[in-house]
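Residue numbers (the numbering used here), protein chains in the order written: chain E, 1192 to 1668; chain U, 199 to 307; chain R, 414 to 790.
Simulated from the structure, these hints should not be mistaken for laboratory data.
Just so you know, even glycine gets a beta-carbon here, dropped at the ideal spot from N, CA and C.
Incorrect hints may appear among the rest.
[What the hints assert, rightly or not] To be clear about the criterion: a stretch of chain U counts as covered by chain E if any three or more of its residues have a C-beta under 8 Å from a C-beta of chain E, and this derived list gives those stretches:
no.	region
1	214 to 220
2	237 to 246
3	258 to 265
[Claimed, not checked] Far from chain E, some chain U residues (derived; all Cβ distances over 10 Å):
no.	residue
4	G270
5	R286
6	E288
[To be verified] Among chain U residues calculated to face chain E with C-beta under 8 Å, some are:
no.	residue
7	R225
8	G249
9	R252
10	G253
11	P254
12	F255
13	L278
14	R282
15	Q291
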Amino acid sequence: MTLPERCDVVVVGAGPAGLAAAVECARAGAATVILDEQAGPGGQIYRAITSTPMQNRDVLGADYWHGATLVAALQGSGATYVPRAAAFAVSRADGGGFEVGVASGGAAALIRAGQVILATGALERPFPIPGWTLPGVIAAGAAQILLKTAGLVPEGPVVLAGTGPLLYLVAAQFARVGAAIDCLLDTTPPGRIREALPLAPAFLASPYVAKGFALLRQARASTRIVRGVERLEALGAQRLTSVRYTVGGRATEIPAGALLLHQGVVPDINLSNAIGCDHRWHDARSCFEPVVDVYGATSAAGITVAGDGAGIAGAQAAEARGTLAGLHALAALGRIDSGERDARAANPQAHVARWTRGRAFVDALYRPADAFRLPQGDTVVCRCEEITAQQVIATAKQGCPGPNQMKSFLRCGMGPCQGRLCGLTVTELIARERGIAPADVGYYRLRFPVKPITLGELASLPQTTESTQAVVRMKAH
Amino acid sequence: MYKRLPDAAAAAPAVLLTIDGADFAARAGDTVAAALLAAGYDACRTTPVTGAPRGPFCLMGVCFDCLAVVDGLPNQQTCLIPVRAGMRIERQQGAAVFGPAAGSGQGPR
Amino acid sequence: MSALASADVVIVGGGLHGCSAALHLARAGVSAIVVEKNYVGRHASGVNAGGVRTLARHEAEIPLALAALELWHRIGDLVDDDCGFECHGQLRVAENDGEAATLRERAARLLSLGYTHERWIGRDELFARVPALARHCAGALLAERDGAALPYRTTWAFRRKAEALGQRFFEGTRVQDVVRAGGVWKVETSAGRLAGRVLVNCAGAWADALCAKLGEPVPLEPIAPMMLVTLRMPHFLDPVVLGAGRPLSFKQTQQGTVLIGGGRRARVDCEAETTELDFRELALSAQTVRDLFPVMRDATIHRGWAGIEARMPDDIPVIGPSAAAPDTFHAFGFSAHGFELGPIVGRITADLVTRGATDLPIAPFSIGRFLPPRSPG
Chain E
1192 MTLPERCDVV
1202 VVGAGPAGLA
1212 AAVECARAGA
1222 ATVILDEQAG
1232 PGGQIYRAIT
1242 STPMQNRDVL
1252 GADYWHGATL
1262 VAALQGSGAT
1272 YVPRAAAFAV
1282 SRADGGGFEV
1292 GVASGGAAAL
1302 IRAGQVILAT
1312 GALERPFPIP
1322 GWTLPGVIAA
1332 GAAQILLKTA
1342 GLVPEGPVVL
1352 AGTGPLLYLV
1362 AAQFARVGAA
1372 IDCLLDTTPP
1382 GRIREALPLA
1392 PAFLASPYVA
1402 KGFALLRQAR
1412 ASTRIVRGVE
1422 RLEALGAQRL
1432 TSVRYTVGGR
1442 ATEIPAGALL
1452 LHQGVVPDIN
1462 LSNAIGCDHR
1472 WHDARSCFEP
1482 VVDVYGATSA
1492 AGITVAGDGA
1502 GIAGAQAAEA
1512 RGTLAGLHAL
1522 AALGRIDSGE
1532 RDARAANPQA
1542 HVARWTRGRA
1552 FVDALYRPAD
1562 AFRLPQGDTV
1572 VCRCEEITAQ
1582 QVIATAKQGC
1592 PGPNQMKSFL
1602 RCGMGPCQGR
1612 LCGLTVTELI
1622 ARERGIAPAD
1632 VGYYRLRFPV
1642 KPITLGELAS
1652 LPQTTESTQA
1662 VVRMKAH
Chain U
199 MYKRLPDAAA
209 AAPAVLLTID
219 GADFAARAGD
229 TVAAALLAAG
239 YDACRTTPVT
249 GAPRGPFCLM
259 GVCFDCLAVV
269 DGLPNQQTCL
279 IPVRAGMRIE
289 RQQGAAVFGP
299 AAGSGQGPR
Chain R
414 MSALASADVV
424 IVGGGLHGCS
434 AALHLARAGV
444 SAIVVEKNYV
454 GRHASGVNAG
464 GVRTLARHEA
474 EIPLALAALE
484 LWHRIGDLVD
494 DDCGFECHGQ
504 LRVAENDGEA
514 ATLRERAARL
524 LSLGYTHERW
534 IGRDELFARV
544 PALARHCAGA
554 LLAERDGAAL
564 PYRTTWAFRR
574 KAEALGQRFF
584 EGTRVQDVVR
594 AGGVWKVETS
604 AGRLAGRVLV
614 NCAGAWADAL
624 CAKLGEPVPL
634 EPIAPMMLVT
644 LRMPHFLDPV
654 VLGAGRPLSF
664 KQTQQGTVLI
674 GGGRRARVDC
684 EAETTELDFR
694 ELALSAQTVR
704 DLFPVMRDAT
714 IHRGWAGIEA
724 RMPDDIPVIG
734 PSAAAPDTFH
744 AFGFSAHGFE
754 LGPIVGRITA
764 DLVTRGATDL
774 PIAPFSIGRF
784 LPPRSPG
């Protein structure tokens, strides 16, 4: 692994925010290392931008191909890009700055850095329905990734289900490649549009409006849409064979070879949480977000969060926030003064404003219904440990006060995903049981490593002279 | 089941590997998870808790359902690993099996 | 100002020792309030390695550890919960002849003191019991009746039983001051005043603050021993394995996960109640595990943590009456090996509260050993 021992800035994540941040820092002459666990840059929104077999630009669309310019900028910037490298820990170094633990190529190393920019992005909100763990059920974003990376599409019958713009985007992209989608089961609660209407003016003035309507049009043209779905189940023995949905109290079962689920995206907070940054519950978005200022600076000095990891606002906003985080890091390192930082921040800040205008409407419109955020009965909540909603609810009823205690009682959240697919569900289930706000329930307390490493990788970590001379306390008796 | 779009099939060279001992031609740029799905395996493992079948779910490294044994190393997130000629992929049954003969200590990262 | 609540005893600290004291007092018909600044089992008690260990104890602790082990083997009788206790023995492994000689000397010394709980076993028996162990090992001390349990579940079981017997718990409640007036302790807390005839200090890494208020400051060091856990592996290990020459505590749980401990330390901020893992130190633990258990080389580590614990300079706890204040008792400073002692120390505390004495030898744990000798009156 060709990792420098020290640098000025480590950027974790090579999606739009990370790329923009790394470019900003490297161009200013800061020694910059950008790490990503994927084999190529682009994060998820620009996944496989340097390798996709879908070279017809009409398929994935202009928004996707914008990512190529970001990657080109990275290549010319002077930043050191390290693919297939997982940042598993970020600790304060003696004497200032940080040590970032990185696992790559079967070994582990610690990089010393003055500033750390987290750009780990978002993940799809958990969508716990009965049978969601069956082979054949995947996230809609996952289907999009298979299309982007490998030109693979599921064979039918293909059912799309959930709520949110990505659902319509996937439908449109599939239509462009002639991949049939049998139907789109829309779980957006009826009447939501009415509730969201007060927020509409900002949306109508935003760049989303044209895209949004175009997408909806394409989606409607490409597949049968069933609205007002109240209940959803994936059925099958060893794999998915059918989907049962309920509208207006009436259930219908349709055969399915693939079920693509999506109900929005939420920030991936595991690394910022494990570092100890403050987070807050965002009620309208029903998720936890790190507390950040306009530059993305967190409550932990020297740690900045850029992009969707700070709050969902899309790729364009992420790029601008990456630039802002880069500017903040440069000022903190003393490479530019605060005056220059503020002056150069004006443009990206305007971009962020432009792209976050209208988000509130989208957030309100597509906020998943309670039924899909608060499962019941045998529906699996913790996929890793196979803990059901019924178990979580019963344990909360017995007095288990929070998610960390829930972990100890049930092993819920103790599996390899470290709560990424169950944390929000558990927090909301406990909140409802206890009759308090999710903000007061809190979230799992994450610890390093935030990505698994093998014992051999850990054992390979280079020691310093100081640590090999340190006295190891032995039992004397 | 997954099928390869014609553009994609033509676009990249084949990468020959084995899945549970059987030969399969993946394509350059595939992740191991994509190769498994393209080869017709919906499930890449059974869970250590109940033995339930699981397949890749998020394809982006957060769900850990895509775990399989790659070149003798278990618990590999196959959605993060690009395929390589000669790679040995095995579906993982229950808790990962380890042994002195398994793996060379070099992760396939 | 009237008290928020009062009882015979106010116990500061809702870890295992506080909950155990509350339980044993309840069994003796004495009412108690436990005041806990976070939630029960938040720190060391809830996150330790869970070793139920008489092996490798400081000689002063052995009588207590052996008495506690008897309670562990019938823990369900005490707290209506098996606490996840499993008995597969514990082993302390020698990696070379020098370590082997040290361990055999210890076994001989213990025998001369009348203790038979640690037995030397040679290579054949060692590899029969632990087939996954590297073959360079020379032998081990075996404590056959030792085992392991689940720390958070255990602490909760003691709490639940104590509550069922009428004791009260105030969580999220921080002690601010203790004042003795009219033969009663007034404990000022963030939630109001608690009152009791007797005060018990089970405040773990924060016990020295209370000792200072009582006028008997002690050299307590907050430490944070680090733990790692792996993803599940097929079963390959029954007993708990300790290192002799290198720090290691190694066990496989019933689910198949492997817990790696041994006492290497994280950085700890006692005020902020946070710990920061030291990965270079963890790397040394990883090397030890890799050397002793080759099968672990590709094991997947997916979580590390460190609980905040109190260490005393001589590595044994403070148990017994206060040297400075009346009707006050201490049970803290367990120096990263208090879990197994939990069930018995609570009984000792209850003995001291109810009749001023206990049958177990606690003189070595006196707080007086840290205080300057009193000048002759």
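Right, here's what the structure says about each hint:
Judged by the Cβ-Cβ criterion of 8 Å, the region 214 to 220 of chain U is not covered by chain E as claimed, because only 0 of its residues qualify and three are needed. Only when three residues or more bring their CB closer than 8 Å to a CB of chain E does the claim for the region 237 to 246 of chain U stand; here the count is 3, and the claim holds. With 7 residues carrying a beta carbon less than 8 Å from a beta carbon of chain E, the region 258 to 265 of chain U meets the three-residue requirement, and the given coverage holds. In this structure G270/U is separated from chain E by more than 10 Å, as the shortest Cβ-Cβ distance comes to about 12 Å.
Against the 10 Å criterion, R286/U stays outside the reach of chain E, whose nearest CB is about 16 Å from its own CB. Non-interface call for E288/U relative to chain E: holds, since the shortest CB-CB distance, roughly 17 Å, exceeds 10 Å. Annotation: interface hint on R225/U holds; nearest CB of chain E at approximately 7 Å, less than 8 Å. With 8 Å as the threshold, the beta carbon of G249/U stays out of range of chain E, its nearest partner Cβ sitting at about 10 Å, so the hint is violated.
The beta carbon of R252/U is positioned within 8 Å of a beta carbon in chain E (closest approach about 6 Å), and the interface hint is therefore held. Below 8 Å, beta-carbon pairs count as interface contacts, and G253/U has one with chain E at about 4 Å; its hint therefore holds. At about 7 Å, the closest approach between the beta carbon of P254/U and any beta carbon in chain E falls short of 8 Å, and the interface hint on this residue holds. Interface hint at F255/U: satisfied, since its Cβ lies 5 Å from the closest Cβ of chain E, which is below the 8 Å cut-off.
Given hint, L278/U at the interface with chain E, holds; its Cβ is 6 Å from that chain's nearest Cβ, closer than 8 Å. Interface restraint check for R282/U: the shortest CB-CB distance to chain E comes to about 11 Å, outside 8 Å, so the restraint is violated. Because the closest C-beta pair between Q291/U and chain E is about 14 Å apart, greater than 8 Å, the hint is violated.
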